[in-house]
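> Residue strings, one per chain:
There are 2 protein chains.
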Amino acid sequence: MAEVVRGNAVVGQSGGPTAVINQSLVGVIEEAAKHEAVETLLGARNGVRGIIGDEFVPLKGLDAGLLDRLAVTPGSALGSTRDKPDEEYCRKILDVFARRNVRYFFYIGGNDSADTARIVRDLARASDYDLRVIHIPKTIDNDLRVTDHCPGYGSAARFVVSAILGDDRDNASLPGVKIDVIMGRHAGWLTASSLLARHDAGDGPHLIYVPERRVSTDQFVDDVAEVYGHLGRCLIAVSEGIEDVDGKPWGEKLATAVERDSHGNVQLSGSGALGDSLAELVKTKVSAKLGGKTLRVRADTFGYLQRSFAGFASPVDAKEARRAGQMAVRYAMRGARDCSVAFRRRSGDKYGITCFRAKLTDVARETKPLSAEYIRERGNDIHDSFRAYAAPLVGALPIVGRLP
Amino acid sequence: MAEVVRGNAVVGQSGGPTAVINQSLVGVIEEAAKHEAVETLLGARNGVRGIIGDEFVPLKGLDAGLLDRLAVTPGSALGSTRDKPDEEYCRKILDVFARRNVRYFFYIGGNDSADTARIVRDLARASDYDLRVIHIPKTIDNDLRVTDHCPGYGSAARFVVSAILGDDRDNASLPGVKIDVIMGRHAGWLTASSLLARHDAGDGPHLIYVPERRVSTDQFVDDVAEVYGHLGRCLIAVSEGIEDVDGKPWGEKLATAVERDSHGNVQLSGSGALGDSLAELVKTKVSAKLGGKTLRVRADTFGYLQRSFAGFASPVDAKEARRAGQMAVRYAMRGARDCSVAFRRRSGDKYGITCFRAKLTDVARETKPLSAEYIRERGNDIHDSFRAYAAPLVGALPIVGRLP
Chain A
172 MAEVVRGNAV
182 VGQSGGPTAV
192 INQSLVGVIE
202 EAAKHEAVET
212 LLGARNGVRG
222 IIGDEFVPLK
232 GLDAGLLDRL
242 AVTPGSALGS
252 TRDKPDEEYC
262 RKILDVFARR
272 NVRYFFYIGG
282 NDSADTARIV
292 RDLARASDYD
302 LRVIHIPKTI
312 DNDLRVTDHC
322 PGYGSAARFV
332 VSAILGDDRD
342 NASLPGVKID
352 VIMGRHAGWL
362 TASSLLARHD
372 AGDGPHLIYV
382 PERRVSTDQF
392 VDDVAEVYGH
402 LGRCLIAVSE
412 GIEDVDGKPW
422 GEKLATAVER
432 DSHGNVQLSG
442 SGALGDSLAE
452 LVKTKVSAKL
462 GGKTLRVRAD
472 TFGYLQRSFA
482 GFASPVDAKE
492 ARRAGQMAVR
502 YAMRGARDCS
512 VAFRRRSGDK
522 YGITCFRAKL
532 TDVARETKPL
542 SAEYIRERGN
552 DIHDSFRAYA
562 APLVGALPIV
572 GRLP
Chain B
172 MAEVVRGNAV
182 VGQSGGPTAV
192 INQSLVGVIE
202 EAAKHEAVET
212 LLGARNGVRG
222 IIGDEFVPLK
232 GLDAGLLDRL
242 AVTPGSALGS
252 TRDKPDEEYC
262 RKILDVFARR
272 NVRYFFYIGG
282 NDSADTARIV
292 RDLARASDYD
302 LRVIHIPKTI
312 DNDLRVTDHC
322 PGYGSAARFV
332 VSAILGDDRD
342 NASLPGVKID
352 VIMGRHAGWL
362 TASSLLARHD
372 AGDGPHLIYV
382 PERRVSTDQF
392 VDDVAEVYGH
402 LGRCLIAVSE
412 GIEDVDGKPW
422 GEKLATAVER
432 DSHGNVQLSG
442 SGALGDSLAE
452 LVKTKVSAKL
462 GGKTLRVRAD
472 TFGYLQRSFA
482 GFASPVDAKE
492 ARRAGQMAVR
502 YAMRGARDCS
512 VAFRRRSGDK
522 YGITCFRAKL
532 TDVARETKPL
542 SAEYIRERGN
552 DIHDSFRAYA
562 APLVGALPIV
572 GRLP
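Residue numbers (my numbering), protein chains in the order written: chain A, 172 to 575; chain B, 172 to 575.
Be careful, since some hints might not be right.
Any copy will do: because identical chains look the same in the list, a pair fits if it lies in one copy or spans two.
As the list claims (entries may be wrong) - Derived lysine-lysine pairs resembling DSSO-like cross-links, with alpha carbons at most 27 Å apart: (1) LYS454 <-> LYS255; (2) LYS464 <-> LYS255; (3) LYS456 <-> LYS539; (4) LYS454 <-> LYS424; (5) LYS460 <-> LYS263; (6) LYS454 <-> LYS419; (7) LYS424 <-> LYS539; (8) LYS419 <-> LYS460; (9) LYS521 <-> LYS460; (10) LYS231 <-> LYS424; (11) LYS255 <-> LYS530; (12) LYS539 <-> LYS255; (13) LYS231 <-> LYS419; (14) LYS539 <-> LYS231.
Quick caveat, the hints were computed from the structure, so don't treat them as lab data.
Hey, can you work out the whole structure from these sequences and the hints?
Here is the structure:
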């Protein structure tokens, strides 16, 4: 362990917000206040963008009541950014840090943010500037490597499970085919969590599709027809990023007009296109397979509510997100030069985690797909073994009652 | 008051479910168990459809634990129906009632269900069959006449407020134009509740559109451009049934392909079409008004989650829904021949209701639009006076924190 240096600290938030990203921020603020080595804690407005623009909010001495309210507020309280800095951008970051005597950089985000942290660290090292860089994980996609799971995931999953649980009862009341599109361009962790809504035989979701397993839309039609033929209804949970066997996303394949975001990616969230296309497919092809039966078909795209719904965070997720922020500061105070805060699940029956330091290079860039062991052979469902993984992160949910 | 007759009772659920419709069912079950006059309580499967099909579930003697679970379960536990019975249909209902010695009919639903209750009552009266018919109000649209508000509304509004509250923080993190489409074909009560998410200056929703006030899509474009010009972002809450000045729904006007439901109505829910069309409008016309600025535009359609989300019901709504079910049985036991259970708000600072009996004919068929006094002059916002009406129904919500 290296010695602790005195200086200023910067904390920033990046990428898509979560329901608990401010818990991590408050964790950093609270813990930093305990250490004299941190002379001033500055919040960067809109992540790296605020750093190079020299836009900071002083975060020491904030009222405890405000911190409590902040912690339960969805969204990134400091503002966020989609910028993915290259070396030149990071050089500007380092210039600002040097000018302001910033010796600690806490960056809350996903794998891109870990990569930004890595570049900044490499540049600091190359120029012999003493800077401690700690990445704090955050993503509803749950796709960061090394860590058992990511802050933000449990709350998003809790929203999904509760939505599917209720929607399944709604669909049982007025039977039909219901398609629920869930966030996850490349990672199916969130969509897989919908499994937790299934308690008894006949409960939905009856079909679950994730981006890690390619499935043809023809199989989708067969699957829906088979479930409907059996049960007289069908509830489907599908990842927005689901791909056909040729690797082309269903959304792109079925959509008439395709939207692209600022990175040139097809826009999946904030649009009902995939759900509506699948509903159309069911109305025509599934109906035909069932002898021309008129089907009640509806589609909902859960959209931004999954990551921002207020007042419904998973208690475990909230606590762990706070702890990730606290641990980031502690690691730095114990002399760590760089790392990403990671969780290890304790062995034994009772759920618990210990924190440890992951290497930035192991977390940056690459992502962790949903493990193949959880995906059923046919690619249209999730194995029950996934419950043990996800249930503690989601927390207790209402127990549904049914008439005999 | 007429004398109490001994006989069997039937309870049914109709129309779109809510998060608390089973509270009313459990209220009927619990209260009926206390009265010897009710020999057997039968649950009609899928509303009137189960009556004419003679499909009933015995509901006396159910385990108390099951009733507790049932009460917090969204969806209609007995199943629902979209059937709107005419006189001939109702004659079949009466035939089944006579054959099974049914003397009490409790029907949980909206204005169509009140109308069904009215027809059945008239037929019974005409044939001198002693039948007590009590309608129990239910609708997330909150559009029943006479009553101060409807069971189901508070919980749906709670979902909407929490969603908008979080979404506004999300939109503040990554600024852009966000369109949230809220249920309500003709009634704006639910969309108006989004106002409760607004606490401080600059908070969303910045624009609120309801079906009771016609607004041109040109004005919509102007409104969004103005808000965006001021704030650099804009969060919009819009009812799915919003109409242009010529009375044509925006959804129909903007959509390329239009879906119709089994009643021939344009399908509004379970489709992202309106949101996607409005997003397109913003990307082209609002962007042009702002000098060709590229805007981050997203749309979410809250869909079925508004009425079915599990574990997030408004406590007041849940309690009142249960009470409506109990009161229905009590009114019948006190000798009422027919009525719809209604709520009157007590005067004074502390919120509370008293129940009273509304005439079926006053509740059937016609609906109650959002009062004009709540809608702002320009038709793009709701007056603050609406808070006093809606806040007690929604219940306490997380208090959002912001950095200085």
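> Does each hint hold? Answer for all of them.
The hints, checked one at a time:
1. LYS454 <-> LYS255: between (41 Å within a copy, 24 Å between copies)
2. LYS464 <-> LYS255: between (50 Å within a copy, 21 Å between copies)
3. LYS456 <-> LYS539: Neither. Shortest intra-copy (35 Å) and inter-copy (40 Å) distances fail the 27 Å Cα cut-off.
4. LYS454 <-> LYS424: Both, since 17 Å and 23 Å are each at most 27 Å.
5. LYS460 <-> LYS263: neither (60 Å within a copy, 34 Å between copies)
6. LYS454 <-> LYS419: both (22 Å within a copy, 26 Å between copies)
7. LYS424 <-> LYS539: Answer is within: at 25 Å inside a copy they meet the 27 Å cutoff, but 44 Å across does not.
8. LYS419 <-> LYS460: within (25 Å within a copy, 36 Å between copies)
9. LYS521 <-> LYS460: Classified as neither; 48 Å inside a copy, 58 Å across copies.
10. LYS231 <-> LYS424: neither (51 Å within a copy, 53 Å between copies)
11. LYS255 <-> LYS530: The answer is within: 20 Å in one copy meets 27 Å, while 64 Å across copies does not.
12. LYS539 <-> LYS255: Cα proximity of LYS539 and LYS255: one copy only (19 Å, versus 52 Å across).
13. LYS231 <-> LYS419: neither (49 Å within a copy, 55 Å between copies)
14. LYS539 <-> LYS231: neither (36 Å within a copy, 52 Å between copies)
Comparing the model with each earlier hint shows violations of hints 3, 5, 9, 10, 13, 14; every other hint is respected.
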